[in-house]
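**Q** Spelled out, the chains give:
2 protein chains.
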Amino acid sequence: MTTTLPPVPSGAPSDSAAFAAHSAGPIAANESSGPPAESHLHVDDAHHIDVKGLTKILDGRWAEMRAWGRQISADPAFARPMDVSKEEHRAMTLERLKELAKRNWSAQMLPESLGGDNDPGGNLAAFEELVAADPSLQIKAGVQFGLFASAILHLGTEEHHRKWLAKTMSLELPGIYAMTEIGHGSDVSAVGTTALYDADTEEFIIHTPFRAATKDYLGNAALHGHAAVVFAQLISKGVNHGVHCFFVPIRENGEVLPGISIEDDGQKGGLNGIDNGRIAFDHVRVPRTNLLNRYGDVAPDGTYTSPIASPGRRFFTMLTTLVQGRVSLSGAAINAAELALGIAITYGSQRRQFADFTGINEVVLLDYQLHQRRLFPLLARTYAAAFAQENLLHAFHEVFSGENDTDENREDLETLAAALKPNSTWLALDAIQTSREACGGAGYMAENRLVGLHDDLDIYATFEGDNHILLQLVGKRLLGEYANSLKGMDAGDVTKFITSRAETISARHTPWRRLLQSASDLGSVRRTAASLRDPDLQLELISTRAESMVEELSLNLRQAPNMPKEKAAALVNSHQVELIETAKAHIDVILLTAFNEGLAKVEDEATRAVLVRLRDLFALTTIERELSWYLMNGHLSLGRARTLSDYIARLLTKIRPHALDLVAAFGYTQEHWRAPISSGLERERQVQAAEYYRHHRASNNAPIDEKVLYKRNLETKKRMK
Amino acid sequence: MTTTLPPVPSGAPSDSAAFAAHSAGPIAANESSGPPAESHLHVDDAHHIDVKGLTKILDGRWAEMRAWGRQISADPAFARPMDVSKEEHRAMTLERLKELAKRNWSAQMLPESLGGDNDPGGNLAAFEELVAADPSLQIKAGVQFGLFASAILHLGTEEHHRKWLAKTMSLELPGIYAMTEIGHGSDVSAVGTTALYDADTEEFIIHTPFRAATKDYLGNAALHGHAAVVFAQLISKGVNHGVHCFFVPIRENGEVLPGISIEDDGQKGGLNGIDNGRIAFDHVRVPRTNLLNRYGDVAPDGTYTSPIASPGRRFFTMLTTLVQGRVSLSGAAINAAELALGIAITYGSQRRQFADFTGINEVVLLDYQLHQRRLFPLLARTYAAAFAQENLLHAFHEVFSGENDTDENREDLETLAAALKPNSTWLALDAIQTSREACGGAGYMAENRLVGLHDDLDIYATFEGDNHILLQLVGKRLLGEYANSLKGMDAGDVTKFITSRAETISARHTPWRRLLQSASDLGSVRRTAASLRDPDLQLELISTRAESMVEELSLNLRQAPNMPKEKAAALVNSHQVELIETAKAHIDVILLTAFNEGLAKVEDEATRAVLVRLRDLFALTTIERELSWYLMNGHLSLGRARTLSDYIARLLTKIRPHALDLVAAFGYTQEHWRAPISSGLERERQVQAAEYYRHHRASNNAPIDEKVLYKRNLETKKRMK
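Sequences listed follow chains U and F, in order.
Residues in the first sequence are numbered consecutively from 1, following the UniProt record's numbering.
Residues in the second sequence are numbered consecutively from 1, following the UniProt record's numbering.
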């Protein structure tokens, strides 16, 4: 039997293999048997992270609600199924949602007067965790509570609350949020559905006038929804008062009501536990009182009134309720990134491939520089995003709990959510895809979670505000603020100011001045590297870029208001990419600031030291990504720029020993990952294989490697010459 | 009835909306009714593309085989199903493969002596097209013909061909390619499976000695395979001769044979039409003659012989057969990118969102600068990749048809395939994901193809050689060539040479010299922009970067051979990211060169002019991606670098009018796209909606927009003051 034993892995260069066949050095199994499966490399580092303390900081104000959410998402009863039909998945998801409702899910969002806790922040914190159970369950909950119930709560008034809220929260009344149309997703104000008031019967007539006005992509529409909140153009007495929201019954006793046509959206890229569909209305009549009338009402005779005189401002106020979706999807996406990185980094710390310098052990994937470079910058950005998300949740809570509900806070909340939702959702897709590839073929198996996370999270970049559209909003807000900052000045001052800024910027475009300046910046690599670790310099670089870009864009667009409409539109369009880049530059500032704030909360010295390196990695890879901008605008000397990649490489090796702790601090366990590859199975297999080869080396009748004989032969021939 | 008509879309600023309500300007419907649905913007361009001529050039030498492949992939009978269980999909895919076999699919790969056409290039050209039918069908065909049959053909000898090839080609004998193990994917030489020769019975004993040595991810393993070609360590007379390939029966009459254990890999991220699984062997005996013995044989008494003395070279020769997979998957991935961009660009040319400057028409997505910037650089890179793929196919054909099968050509083919497969597969994932997002919610519907393409193509980045592992091979080859180029010199010369190169490079690190030089480079923006269009300058920049990186990396690693093994390994590892970047820089050179060669074949002047712009876009976005490198190394002046983004912006608007022609030239039609959103449906809906609003504006009893009243009111109040 022993003669069947194969030789040690022969992937190493032949001389190492020869060495291996005759050596009895330490073997991989011993190194990797104790959890966590850290490599023996890089353990010269004295810092050890206080994982629990770090989790507490990451969990923030609503740690208890998060814990509740995580407890539910660890329960196999709510786990995303594999290999089921969409029909089964849909039915299962409805049942699971009912089970959540029994546990008073989302009751925290209601004000105390309606039997809730008035804890909108806590409600979202728990909701964000549902993504770890099954994103379909999360989004179905989001449709029911975050959209349907919230529309009734925020756009409706007392009678609506009384009639429908309790039934909605208990899931006796599964609902549909009918805003998007085939023809209009991002441009909500342009929806085609009409709600014409008929004073004779005191009814609204809900109607879909053409195919593109059909409501689409609506969760609960294909099967489960009993009623919908429908966004339509309110027309009364010959005037169109813009988009308003109406409560419209859709099904009764399982039957679709007359005048309503339903189509099933069918199979999607993911989230197949949700029955998305289309709804068209053919002159469907609802009572006048089904108008959710908080921001606009119609009297029996058809007279329209609103507490908000400006139709534009009224429309945007009604849309503010959408911000809840953006805030919570941003948080959910970060959690998805945390799950993916947790799986990939854990697997990477156990999986071995290709012999190391001894020719005996194989190298742990995470010890490869490339593997670190693929995963750690994403880990750093995920930390930054998590800290920023906590701030966003605070901002949301302040407004929605009424703690501090001012117009200014609402506007800031809108902007912050519009900035962070794109960042978080793209980060998630990037982290998931990188993790999938970093896990190789194993990453492609559905049981290892990553492909399912990609499928489900993909659409997070589009729904509740397409990422690029949101970034445009952010960019426009930045331009507006810049313009406001000039408002105190009179016309002459503004002209002078603009001219002087234009000169400054144009000076930046000329490399001479700045470059000669930056020459004095050159010193030893060590000195310049050290200064890039200076958090003030990092923040100055990243925020200067954001500010300069707003300024430059404003200057580029300054003629637009004086131009004919067509030319102005063309000018603005020709700077659209800049506008988006400007918004993204602003997001980097938000993230770095949040990371620094988060860091300030860490008291444990050793943990702090590791997080400082992670922050440095975030800041420096962010600067590196835009390095050409810093060079072109003279903010970094060429000499200093050259030190950046070496410095990043050193950070990677310093973060390496703490990688498992850093993902553990996210608070997810095996129960959340549910991925066999990161369960320890891989380590067991490695131990078993290493034991096998150890026995084999120890035996005396193992086959010898032909390579050894071949080499010996060559040497003999050489000697004979 | 007419009073139910809603107003024009009110997404425009309120003053435009007012204008819209009273204007009777031209409407979108008129603009968009004629195919192709081009915008009225940017049609001042005189060039018109000769689409057919361009397709001919893209299709290259094997145009007929491509046409055959495209005809099959347009047939609904082979279309990727939606919303079926993996069981149904697997059964369906097997039946479809049998249907292909009836049509003599892949017979072209066989030499004339075995009844084929000896047209390996043509065979792959057709195979690459199958991705448009269903990637599961493609990969199942790849397993059967490209791997299983090819192993018998290339690693076996006459008797094997006689016994198994015909049955394999007819699918009477569905086969499994059992190379990868749970524990070893990329490091094939280290597989744990053993094949011990027993001279008493003249049999090999195939055995899986530990769990990690279980064969995994094998297509046809879970259900359909009757036999496998198994890669195992060949041991005879106490010597391990390394990895060889054995023909091992797996199932007979539907029953798994004794000693063989099968596990199903279950649901995967995609390619669920293939029954991937695991196989473990418990001392399974096969006749001596089941060794595929072209490169190594065992005599009845156990004596091993091989035509290739070096075990290392023998191993790599046996692996050469893998190159076919890399070549063809690269081509398939490019085709997938072409499909995705075809769908997204067509939809983008019909879909409208947000009112334009008139307040009446909505803007076609593809007229937004951002939309162009998201899609066109990918379109340009796809053209570059397609031209490069044709060269790769030629290189493959030369070697595999025997036309010009030299060691050098084999090595070049290996390197080129290792370079292009990662590029093409990542390009596909990027193009598919960008297209998905660019199509918004519609892009997430399975019926619109994009999500399915992502699911299936995802693993193309991993199988047949993980992309990063392949890039490492490319990087190492580049280092080797650089070392070879020094070989003519004696030791002293090399030292002198290295020192002088080191000085040159270190001079580049000091910004002074180059910068003062580049100052003379500064001129008017127009002049510098024009010179960036110079194809020689583009190629010089891109190839200089590739060369400098090899040089710099060589210098960084030059001490490694003199170091102790552990330190040498650490040094090499600390430059792994550079090694990968060096390989990628080399790929850019390959692509640009291929684009220029492709361009040289275009005779039609107008087509040429458009393709020149597309080539410029490819070259300039490639340079822009690495702009900081060019700046840090003094290859571009800051002034010239500043002109880059404006120049790219202008190229986008110039390519815009030809975007539909450029995707049409890929040769795919509606039958291949099979995506309702790009079928013209969207345009019909837009026309219908526009007609509705036109009637509405023409009628006299349409409701007036409250915004208009509100504005009028404000003005009245102002006048009253």
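Among the hints, erroneous ones may be present.
If several chains are the same, the list does not tell them apart, and a pair holds so long as it fits within one copy or across any two.
Claimed, not checked - List time: in silico SDA-like cross-link candidates among lysine to any residue, alpha-carbon distance up to 25 Å: (1) 654 with 533; (2) 654 with 564; (3) 565 with 480; (4) 167 with 560; (5) 718 with 696.
FYI, nobody ran anything at the bench for these hints, they're computed from the structure.
**Q** Run every hint past the structure and note whether it holds.
**A** Structure-based check of each hint:
For the homomeric pair residue 654 and residue 533, the shortest alpha-carbon distance inside one copy (14 Å) is at most 25 Å, but the shortest distance between copies (44 Å) is not. For a Cα distance limit of 25 Å, the shortest separation of residue 654 from residue 564 across copies, 23 Å, qualifies, whereas the shortest one inside one copy, 58 Å, does not. Taking the closest pair of Cα atoms, residue 565 and residue 480 come within 25 Å of each other only inside a single copy of the chain (19 Å); across copies the shortest separation is 61 Å, beyond that limit. Within a single copy, residue 167 and residue 560 get their C-alpha atoms no closer than 52 Å, and across copies no closer than 72 Å, so neither meets the 25 Å cut-off.
In this assembly of identical chains, residue 718 and residue 696 lie within 25 Å of each other by CA distance neither inside one copy nor across copies; the values are 32 Å within and 96 Å between.
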